[in-house]
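Visitor: Sequence:
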Amino acid sequence: MRHRHSRTCSHPSHSSGFGTGLLAGAAAATAFFLGRRLNSARKVSSGHPLKHQVLDAASQVMQRKYPMEAMSTYLNGFHHYADDMGRQVEASHFCIHLEHDLHQCVIFDSNRSDARLIGIEYIISAERYEQLPEEEKPLWHSHHYEVKSGILVAPGIPELAERSYFEDLVTTYGKTFHTWQIDRDDFPYGIPQLMMAFTRDGQIDEELMKRRDERLGISTEERRRKRAEIPLPDVSPKANGGPTPPDSESHQPPHESLNDSR
9 MRHRHSRTCS
19 HPSHSSGFGT
29 GLLAGAAAAT
39 AFFLGRRLNS
49 ARKVSSGHPL
59 KHQVLDAASQ
69 VMQRKYPMEA
79 MSTYLNGFHH
89 YADDMGRQVE
99 ASHFCIHLEH
109 DLHQCVIFDS
119 NRSDARLIGI
129 EYIISAERYE
139 QLPEEEKPLW
149 HSHHYEVKSG
159 ILVAPGIPEL
169 AERSYFEDLV
179 TTYGKTFHTW
189 QIDRDDFPYG
199 IPQLMMAFTR
209 DGQIDEELMK
219 RRDERLGIST
229 EERRRKRAEI
239 PLPDVSPKAN
249 GGPTPPDSES
259 HQPPHESLND
269 SR
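If you want the numbering used here, it's the position in the sequence shown, counting the first as 1, plus 8.
If you're looking for bench data, these hints aren't it; they were derived computationally from the structure.
On a predicted model such as this, the values are computed, not experimentally measured, just so you know.
Built from N, CA and C at the ideal position, the CB exists for glycine as well.
Worth double-checking, as some hints may not be accurate.
Claimed, not checked - Taking lysine-lysine pairs in the DSS-like style, the calculated list, with each CA pair at most 27 Å apart, reads:
| # | residue 1 | residue 2 |
| --- | --- | --- |
| 1 | Lys145 | Lys246 |
| 2 | Lys183 | Lys145 |
| 3 | Lys246 | Lys183 |
| 4 | Lys234 | Lys218 |
| 5 | Lys218 | Lys183 |
| 6 | Lys183 | Lys73 |
Unchecked claim - Ranges between beta-carbon positions, derived for each pair:
| # | residue 1 | residue 2 | range |
| --- | --- | --- | --- |
| 7 | Thr81 | Gly225 | 17 to 25 Å |
| 8 | Leu58 | Ile199 | 30 to 38 Å |
| 9 | Thr187 | Glu142 | 22 to 30 Å |
| 10 | Leu125 | Val69 | 16 to 24 Å |
| 11 | Leu58 | Ser121 | 13 to 21 Å |
| 12 | Ser121 | Arg72 | 14 to 22 Å |
| 13 | Gln68 | Asp209 | 40 to 48 Å |
| 14 | Ser121 | Glu237 | 33 to 41 Å |
| 15 | Gly225 | Leu168 | 17 to 25 Å |
| 16 | Tyr130 | Pro57 | 32 to 40 Å |
From just these sequences and the hints, can you work out the full model?
Guide: Have a look at this one:
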């Protein structure tokens, strides 16, 4: 039988019931979202005390994280250790355009909810790079080859938007430190490690790049072809670790075939 509201019910009690209903609805909604966040937190912090999981879930709902919300760009690429090019790791960058000539990025080992924070990178314009002290310049790497070769990608971004972004990024320089040597340890031991970027063909581990492409559903070679018309900038000889002996391939200019990519 359908319930019929009594005409003798006073307005105060009706208002009170309505307010109670709102509070109950709000409580239910909060519980629902907290429950979803708690389930998410459990996936990330499995094995942690329940009170920690509840706190994590509540903070996700109720706290604003302005620096994290300002991270407008997700880039995926690779770094190698400055003192050992054979040690190569994938790097997921999440970046903020802090100033017109300065980006700052946090680096994780993946774009998953349980990703490990492994480092930081600062990105500056060529003009700002030229103003650096001479002893500072070798610590920075150029982005010309990463962009032109297709190694550096912005997953999920439409091609035109990605190309426009990389037309600017190709002239920039970055300084990167990894705080977690994930290729060796399951814990962030030791001091931060200076990292570098690739500067020519034949340096990157092709199998490492292939696995990345398959997982993200992209083609580095296809991106290389589509970026062929992006102008190749002049690169400071002081970048990428500075001058190297003639028989060394550590930081040589990009292979000539890069300019011939079609």
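Visitor: With reference to the structure, classify each hint as holding or not holding.
Guide: Outcome of the hint check:
1. Lys145 <-> Lys246: OK: lysine 145 and lysine 246 at ~6 Å, within 27 Å.
2. Lys183 <-> Lys145: holds, 9 Å
3. Lys246 <-> Lys183: Holds, at about 13 Å.
4. Lys234 <-> Lys218: holds, 18 Å
5. Lys218 <-> Lys183: holds, 25 Å
6. Lys183 <-> Lys73: holds, 25 Å
7. Thr81 <-> Gly225: 17 to 25 Å: holds, 19 Å
8. Leu58 <-> Ile199: 30 to 38 Å: holds, 36 Å
9. Thr187 <-> Glu142: 22 to 30 Å: holds, 27 Å
10. Leu125 <-> Val69: 16 to 24 Å: holds, 22 Å
11. Leu58 <-> Ser121: 13 to 21 Å: Distance hint for leucine 58, serine 121 holds at roughly 19 Å.
12. Ser121 <-> Arg72: 14 to 22 Å: holds, 19 Å
13. Gln68 <-> Asp209: 40 to 48 Å: holds, 44 Å
14. Ser121 <-> Glu237: 33 to 41 Å: holds, 38 Å
15. Gly225 <-> Leu168: 17 to 25 Å: Holds - the Cβ-Cβ distance for glycine 225 and leucine 168, about 19 Å, lies within 17 to 25 Å.
16. Tyr130 <-> Pro57: 32 to 40 Å: holds, 36 Å
The structure agrees with every numbered hint stated previously.
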